[in-house]
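Here the protein sequences line up with chains A and B, keeping their order. Here the numbering used here is used: the first residue of the first sequence is -1, the next is one more, and so on. Here the numbering used here is used: the first residue of the second sequence is 3, the next is one more, and so on.
In short, the hints are calculated from the structure, not lab data. Just to be clear, a hint being listed does not mean it is correct.
Claimed, not checked - Listed next, with one range per pair, are the computed distances between beta-carbon atoms: (1) A:251 with B:119: 35 to 45 angstroms; (2) A:253 with B:324: 21 to 31 angstroms; (3) B:66 with A:325: 41 to 51 angstroms; (4) B:331 with A:265: 34 to 44 angstroms; (5) B:182 with A:297: 16 to 26 angstroms.
From the three backbone atoms N, C-alpha and C, an ideal C-beta is built for every residue, glycine too.
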Amino acid sequence: MASIELKNIAHQYPSEDKSGPYALSSLNELWQDGGAYALLGPSGCGKTTLLNIISGLLQPSEGRVLFDGVDVTDLSPEKRNIAQVFQFPVVYDTLTVAENLAFPLKNRGMAKDKITERVAEILSMLGLSDRANEKAHSLTADDKQKISLGRGLVRTDVKAILFDEPLTVIDPHLKWQLRTELKKIHQQFRHTMIYVTHDQTEALTFADKVIVMYGGSVLQIGTPEELFETPAHTFVGQFIGSPGMNILKASVDGTVAIVDGIQLELPGNYRKIDDQVELGIRPEYISLSQTGGIQAETVSIDDVGKHIIVRCRLERQIVSVIVPEGTSIPDKPRLVFAQDKINIYQNAVLVRPAD
Amino acid sequence: MLELRSVSRRVEGEIFVDDVTLSLNRGSINILLGPTLAGKTSLMRLMAGLDKPDKGEILFDGESIVGVPVQKRNVAMVYQQFINYPNMTVFENIASPLRVAKLGSDEINKRVAQASDLLQLSPFLNRNPSELSGGQQQRVALARAIVKRAELVLLDEPLANLDYKLREELRSELPSLFAELGAVLVYATTEPGEALVLGGCTTCLHQGSVQQFGPTLDVFKNPVLLQSAKIFSDPPLNVAIFESREGICKIASEERALSFLRDKLPDGSYSLGVRPHHLSLAQTGSDDLVFEGGVSVTELSGSESFIHFDFQGQPWVALIHGIKNFKEADRVEFYVRSKNVFVFNSDGLAVEIEP
């Protein structure tokens, strides 16, 4: 396994317009050997472009890619010694399940008994041991995708394993099973893994570090907890979480913010901030109170089973609040914002308190 | 109203739809929930008139529609894949069913303007579909269903290929969009979370047959069958088999967890079902059940922890608020309020437990 370094990577897809938009703009990243990373963002954010640059399917128009300090920018995918798993299953229909898994090992000239041993390990990990000798064409789409995953994991000598939306077409229940298997495998073997997805739950639960991308740039790299608690950008706040972070127009002076004419105590001293100032707070960190808090008006109530999402109007702006299942919600609730969970944004970028 | 009475369909001896009886009303969304191959698409094809049932009746507003070809019926379908005419503008794509119906150009302009306003497509009417994002392309397909003023609108996993956040947005718009038109709206999905956000009524499907039908939240909170509880749980339902003998209930040798069932069940074999979000790390009531297990893996989503553990040989998962990072093999005790457990008999039928 290897560390992966990106030096001034930028990419522009060929077009007649040389001043056209960049699909990726000036990335400098160092990803640790043995880390589990997720690239998360909406379609068109550049995450697949970046993955293809790392795998060698795409030559970046600028910059270098290094594995363990060795420049691999000009190497083909085969020469980079990586494993890849794609969104749709890639299996040989005429081979058996076991033969499919053995294929990458045979290609590397591994000894027969070693292959048998390794294939058996992967089969049991994926719960496919009893189907080892069935032809792949008789399997369901879910099982075929399991084989694809298995082929990605079967070699232990690869520099990195790259996953491009591997669970998107999988049914929800199996998704849980496969995701936890991947997590276990990562904890056990510490492969360098890079996982592209638009699904926040997948990204956050899989990765040690999540790279949130938007418009060809990296907006934030952080642990799931950092992305949840202190999003570096309002886009990250809104993209992560369901519903996302409430972003409210505000004015800030020192330790006080004013939202819709309401004064809120802040967790620190921000001095005076100008330009476009916004206050961010997650729906999870607003609660209903009997006595104190801000007077609001209930706009809608959505009971989604495990909790209730209430949308409330302050004076003008709307906030989402998450309350536990079974809570009764008044027409005019009083809202309490958890003071230490408030973030302040200036022109969409997180501002830290001065002291 | 769309009614299916004892409808069955087999293909080459295999059961696709098994004795389905359903009444679907206008003005609210009707969800078909189940994993791949549960029969969702087969049912929709019968409703649309694309396939004929082997047995049973299908009635629309009291009149049989079996054998009436799809062209003669006012039906609109939207699929998972975005289907648009690539060489036509967005305007012409939306207008296409109206051109086929030979409507006047004033009426066409009016309807397209209305639908594109509703779906925020007005700025793109002169573009080609390929110049739109996936979400916008799918909205073109939805707009086509709207202008047609179809009486029956069938949406087959329409959001499955879209980004997570886009899905959130379209999901919140969809039910009201079609409800206002007074159509019978049917929506197929594999995802329990999607059904809960959409609301309306839900039909749980398993191997071509209806497990449960009713208001969405009611089906979620009060499953009448083990199978519908399983279909309607994400993360998956935690299940343990237990025995009742002479008033005492035991899971394997474990007696403590089920003391609240003492003298309440006749002798026999039962299943216990617990939703992951009902497990907690702290005791919340004096009648709590306790489940102890060894942790296999913990997934952190930033605000929640999914703790996977082994309970008496079964893989269980707990959804806990906050970040709780347990190590592999840690022994952990989880608590559940007794009112939050489901008990099913050996036929998979829910058993009412007297408090």
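Hints and how they fare:
| no. | hint | result |
| --- | --- | --- |
| 1 | A:251 with B:119: 35 to 45 angstroms | holds (41 angstroms) |
| 2 | A:253 with B:324: 21 to 31 angstroms | holds (27 angstroms) |
| 3 | B:66 with A:325: 41 to 51 angstroms | holds (47 angstroms) |
| 4 | B:331 with A:265: 34 to 44 angstroms | holds (38 angstroms) |
| 5 | B:182 with A:297: 16 to 26 angstroms | holds (19 angstroms) |
Hint violations for this structure: none, all hints satisfied.
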